[in-house]
Amino acid sequence: MTPVFFILGALLLGVGLWRMDASAERIWLGLTKLGWLLALMWPPSAGGVFWELLKSLLESLAMAFLGTLLAAVIAVPLAPLGAGNVIGNVMLRFSARRFYDGLRGIDTLIWALIFVAAVGMGPFAGILALAVPDIGVLAKLFSEALEGADRRQVEAVRAAGANRVLAVRIGLLPQVSPVMLSQMLYTLESNARSSTVLGIVGAGGIGLALSDRIRINNWDEVAFIILLILGMVACIDWANRKLRLKLIRPAS
Amino acid sequence: MRWREAKALRQRNWFLWAALLSLAIALSAWVGEVSISRLVQGVPLAGAYIAGTLPSLRLDHLSGDLAHWMWGFTDWLELLADTILIAYVGTVLGGLVALLLSFPAAATLAPAWIVMPVRRFLELLRTIPTLVLALIFVYAFGLGAFAGMLAIAVHTAGALGKLFAEEHENASLAQMEAVRAAGGTWAAQMRFGIFPQSLPGVLSYGLLRFEINVREASVLGIVGAGGIGEELYLAVRQFEYQDISAILLLILATVAAIDLLCGRLRHIVLGKAGA
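Chains as they are written, first to last, in this note's numbering: chain A, 59 to 310; chain B, 205 to 479.
Treat the hints loosely; a few may be bogus.
[Stated by the list, open to error] Capping the alpha-carbon separation at 20 angstroms, the derived lysine to aspartate or glutamate pairs in DMTMM-like fashion look like this:
id	chain 1	residue 1	chain 2	residue 2
1	A	Lys113	A	Asp270
2	B	Lys366	A	Asp270
3	A	Lys304	A	Glu213
4	A	Lys91	A	Asp278
5	A	Lys91	A	Glu110
6	A	Lys113	B	Glu237
7	A	Lys300	A	Glu247
8	B	Lys366	B	Glu415
9	B	Lys366	A	Glu247
These are calculated hints, taken from the structure and not from any lab test.
Being a predicted model, the structure only gives us computed values, none of them experimental.
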């Protein structure tokens with residue numbers, strides 16, 4: 059069985075390469091051009107507009123933050139619909155889950171295209187574009203967190219005479235909130251990466267500056283912007299790791 | 205007394221976090237040029253736009269309406285096949301590079317002075333956004349699927365290299381030592397001692413990555429790097445509302461089908477490991 063898979067896989071690889079006309083000549087030409095671009099990238103330069111670039115980088119970051127927050131605010135009330143221990147109706151739960159999958163299945167950049175056409179260019183379209191697929195991701199993760207919660211704590215609070223709201227507040231929320239917050243931080247991290255390219259379709263952030271510089275062949279500035287993006291991603295990763303550790307092990 | 209102090213401290217902490225959060229929100233809203241009024245105005249606008257893309261399907265003309273909506277079906281199907289091919293070739297080539305680099309990146313298998321630079325290199329490969337790579341490759345290799353495939357391959361090499369290395373680190377060293385005792389070189393130790401153990405994990409991560417790459421490949425066309433994205437971009441730009449929903453539906457169906465297929469394959473792969 060294994061050799062069959064192997065041969066089929068190799069065949070598909072060949073077909074793919076042939077369809078993309080990956081000739082040796084093309085690869086060689088491309089690599090020379092790439093080497094030439096890399097040489098042009100050194101030394102990276104801000105082109106005298108460092109503060110403007112920094113501002114659009116911050117815009118990307120702000121988009122990521124607000125997009126995540128918006129997604130979380132919408133995902134929280136949606137989450138119980140997908141949780142097996144809250145919604146007994148299998149059909150409703152199934153369709154809720156497929157709906158979340160649908161939101162996730164379409165890439166952020168496609169949503170950005172749509173929202174730029176709908177609400178105009180700028181960071182606002184980017185925020186909506188980041189939020190929509192994340193609603194799907196977070197609603198799914200939140201409903202899984204709800205399913206994983208221990209029922210007995212809720213029942214204990216109820217047995218002590220609390221009403222439903224209090225039962226959720228004291229019995230359920232403390233169990234799921236660290237998980238939910240940690241998932242939100244993951245989403246923020248991934249959004250910080252995605253938000254840097256949304257500008258390519260006009261949805262705000264540093265991407266616009268980047269695609270502009272590539273279009274007009276200012277490769278030293280391209281290198282600078284890429285370095286800025288790498289720096290921001292590294293900062294966010296670091297801050298997130300710290301915050302997550304704090305959340306998982308709260309100071310006793 | 206102690207309890208009251210603890211409670212006061214907790215309240216103070218809580219207020220501090222709440223204040224920090226609202227400050228961050230206010231600051232980002234200012235930088236991102238959003239306000240509540242804009243949100244209230246914008247969301248219905250976006251909803252109306254999305255509703256406008258939906259086709260008018262009437263029950264009595266269903267087949268005619270469907271044909272009208274999906275007028276470019278065969279072309280789109282071909283582009284979708286291209287998209288999947290881009291993802292497939294990118295995943296396989298990137299995965300092969302990842303596999304080669306994952307052995308020197310595994311802390312238990314290679315000396316520290318090799319592990320560090322290889323890991324940094326993999327990190328660099330996966331931190332540059334795929335779309336940025338695609339933009340650069342389109343410039344170097346020309347418009348078309350080849351540039352998109354390379355962009356996906358580079359990102360995949362970085363992402364999978366790390367995961368593969370972690371798989372190798374989890375493998376037991378006893379089998380590697382057995383190969384060494386029999387006189388095997390380092391490469392032979394990796395090939396016959398470590399790789400058989402990490403193979404199920406490697407395949408499973410590869411399949412997961414393929415799912416992600418299909419999604420990524422669907423947008424590469426926006427920067428001219430092949431696949432269905434270009435057609436979608438044109439539809440949005442030329443206000444062909446019904447085409448937008450038709451193409452989106454096809455993308456969704458493709459992604460769902462690939463997810464399903466990969467899920468099955470992963471079960472087979474991991475099931476073999478258990479047996």
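Each hint, compared with the structure:
Taken as a hint, the Lys113 of chain A and Asp270 of chain A pair is honoured in the structure, with Cα atoms around 16 angstroms apart against an allowance of 20 angstroms. The straight-line distance between the Cα atoms of Lys366 of chain B and Asp270 of chain A is roughly 32 angstroms, outside the 20 angstroms bound, and the hint therefore fails. For the suggested pair Lys304 of chain A and Glu213 of chain A, the alpha carbons sit about 29 angstroms apart, so the restraint of at most 20 angstroms is broken. This hinted pair checks out: Lys91 of chain A and Asp278 of chain A have alpha carbons roughly 15 angstroms apart, not beyond 20 angstroms.
Proximity of Lys91 of chain A to Glu110 of chain A is assessed by CA-CA distance (about 30 angstroms); at most 20 angstroms being required, the pair is judged violated. The straight-line distance between the Cα atoms of Lys113 of chain A and Glu237 of chain B is roughly 12 angstroms, inside the 20 angstroms bound, and the hint therefore holds. The suggested pairing of Lys300 of chain A with Glu247 of chain A holds, with an alpha-carbon distance near 13 angstroms, which does not exceed 20 angstroms. With a C-alpha separation of about 18 angstroms, the suggested pair Lys366 of chain B and Glu415 of chain B falls inside the 20 angstroms cut-off, and the hint holds.
Note on Lys366 of chain B and Glu247 of chain A: the hinted pairing holds, with a Cα-Cα distance of about 18 angstroms set against a maximum of 20 angstroms.
The structure fails hints 2, 3 and 5 (numbered hints given earlier, in ascending order).
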